[in-house]
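Heads up: the protein sequence lines correspond to chains A and B, in order. Following this note's numbering, the numbering of the first sequence begins with 1 at its first residue and continues without gaps. Following this note's numbering, the numbering of the second sequence begins with 1 at its first residue and continues without gaps.
In short, the hints are calculated from the structure, not lab data. It is possible that part of the hints are untrue.
With a Cα cut of at most 16 Å, we get these calculated EDC-like pairs of lysine to aspartate or glutamate [to be verified]: (1) B/Lys-36 x A/Glu-184; (2) B/Lys-36 x A/Glu-187; (3) A/Lys-172 x A/Glu-187; (4) B/Lys-8 x A/Glu-48; (5) B/Lys-66 x A/Asp-51; (6) B/Lys-66 x A/Glu-48; (7) B/Lys-66 x A/Glu-128; (8) B/Lys-46 x A/Glu-25; (9) B/Lys-46 x A/Asp-51; (10) B/Lys-46 x A/Glu-187; (11) B/Lys-46 x A/Glu-48.
Interface residues of chain A toward chain B, partial, derived using beta-carbon atoms under 8 Å [said to hold, decoys possible]: (12) Asp-9; (13) Glu-10; (14) Asn-63; (15) His-65; (16) Val-127; (17) Ile-152; (18) Ile-175; (19) Leu-180.
Ideal placement from N, C-alpha and C gives every residue a C-beta, glycine not left out.
Next come the chains, spelled out residue by residue.
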Amino acid sequence: MEDRFKITDEELIQRFQAGEEEAFEEIVHRYANRLMNFAYRFVLDREEAEDIVQDTFLKVYQNRHAYREIAKFSTWIYTITGNLAKTILRKRRSRKLTYFSRMAPEEKEIDFPSTEHPPHDNLERQVEAQLIQKAVVNLPEHFRTVIILRDIQELSYEEISNIIAAPLGTVKSRINRARLRLQEELEQLRQK
Amino acid sequence: MLNCYQFKNYISSFLDEGISLKNRQAFEEHLKQCSKCQALLNQVTKNREVMRNLPQVNVSENFYFKLRNRILAAQQLQKKQAGAPAFSLNRIPSFAYGFALAFLAVVIGFIVLGFQGEKNPGMVPPPVLQSKINQYHSPQSSPAAPQSNLPPQQYVNEQAPAASEDTLNEDRMPERDDTQRDFQGKIKTVKDQR
């Protein structure tokens, strides 16, 4: 059991490429919740987020030999999830339905996950968390991606640069602009 | 010394500790003097903290079960595809059969018509068509007709000596209509009056 945690992600995928099915199970256990959290912040729908994560693992399973050890495994798998999430958003837009993100804030019925904060956590903090989630949803797609990856998933600038396939300088300035834009969105939401 | 616009550009570098020493000093100098920028930095820092502590969203209990089933289904499909023969009648789309039947019907139609044509080699064209063919092959219109140095009227007179002038004209120009004939009659009348 202890040995299992010493193995890096890259070693696990190598083992899986060599035919060890248990290595894939370990990858799923390591990444399922992380990817779910990422996908959920993107689409703000539990079912869709879970479908995205399932599709991600299915793609990893079927295209296991497409991974080359030139990038970190986490970068590769986050890229797959991010692309699938963007596809979902594009499909939503093309269908021209009324979506959660397009509704006025007061119309939204957000299915926020149950807070697992300790009892001393006050109501004000919960309200602030909900407000920030609303503001993140209102951000344009390119700002939403980087702010989720940086401030929620806490990935490094280099990893984000690899995931969104943009130079490091672009990533830095985009994250800064996304944070400033988020603050503007929050001010607008507070005024309403 | 930075202005407010430059200060905003350095906020993330400052928070993520990616700012150079020189820029950091300029950033902190501006921060001491500008209350608006102080408030902005506090807000952005707070937002970042709240986002880092957002409640974790986990996959449902039956997630692993569903994934296992999907992987098994994908494996079976792969095996099926690998074991399937390269050519199978089941792979041909149904509309292709329709096209093939239509093509076959056209080919059979051509063969049958051709066979009937061989059976009746002496087929005679309809009478209207036959008269047109005869007109086309008549000596006046035929390009292969022998050319004479005599004027047309003399040539006609040799062939039909008893014919009147009107009859001659009719013979030479069978396609001339009634309007032309009336017109010629009028000319004749005018000549007679003179």
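Evaluation of the provided hints:
Between B/Lys-36 and A/Glu-184 the alpha-carbon distance is near 14 Å, which keeps this suggested pair within the 16 Å criterion. Distance hint between B/Lys-36 and A/Glu-187 is fulfilled; the C-alpha atoms sit about 14 Å from each other, no more than 16 Å. The hinted pair formed by A/Lys-172 and A/Glu-187 fails the criterion: a straight-line CA distance of about 23 Å is larger than 16 Å. A C-alpha spacing of about 36 Å is found between B/Lys-8 and A/Glu-48, which places the hinted pair above 16 Å, so the restraint is violated.
About 10 Å separates the Cα atoms of B/Lys-66 and A/Asp-51, which keeps this hinted pair within 16 Å; it holds. Using a Cα cut-off of 16 Å, the hinted pair B/Lys-66 and A/Glu-48 holds, with the two alpha carbons roughly 14 Å apart. With a CA separation close to 35 Å, the supplied pair B/Lys-66 and A/Glu-128 exceeds the 16 Å bound. Taking the CA atoms of B/Lys-46 and A/Glu-25, the gap is about 38 Å. The hint is violated against a cut of 16 Å.
At most 16 Å may separate the alpha-carbon atoms for a hinted pair to count; B/Lys-46 and A/Asp-51 exceed this at roughly 32 Å. Between B/Lys-46 and A/Glu-187 the alpha-carbon distance is near 13 Å, which keeps this suggested pair within the 16 Å criterion. This hinted pair does not check out: B/Lys-46 and A/Glu-48 have alpha carbons roughly 30 Å apart, beyond 16 Å. About 18 Å separates the beta-carbon of A/Asp-9 from the nearest beta-carbon of chain B, more than 8 Å, and the hint is not met.
Because the beta carbon of A/Glu-10 sits about 22 Å from the nearest beta carbon in chain B, more than 8 Å, this interface hint is broken. Interface restraint check for A/Asn-63: the shortest CB-CB distance to chain B comes to about 11 Å, outside 8 Å, so the restraint is violated. Violation of the interface hint for A/His-65 is found here, the shortest Cβ-Cβ separation to chain B being roughly 14 Å, above the 8 Å cut-off. The criterion of a C-beta within 8 Å of any C-beta in chain B is not met by A/Val-127, whose closest approach is roughly 10 Å, and the hint is violated.
Satisfaction of the interface hint for A/Ile-152 is found here, the shortest Cβ-Cβ separation to chain B being roughly 5 Å, below the 8 Å cut-off. Taking 8 Å as the C-beta cut-off, the interface hint given for A/Ile-175 holds, the closest approach to chain B being about 5 Å. Below 8 Å, beta-carbon pairs count as interface contacts, and A/Leu-180 has one with chain B at about 6 Å; its hint therefore holds.
Hint violations for this structure: numbers 3, 4, 7, 8, 9, 11, 12, 13, 14, 15, 16, all remaining hints satisfied.
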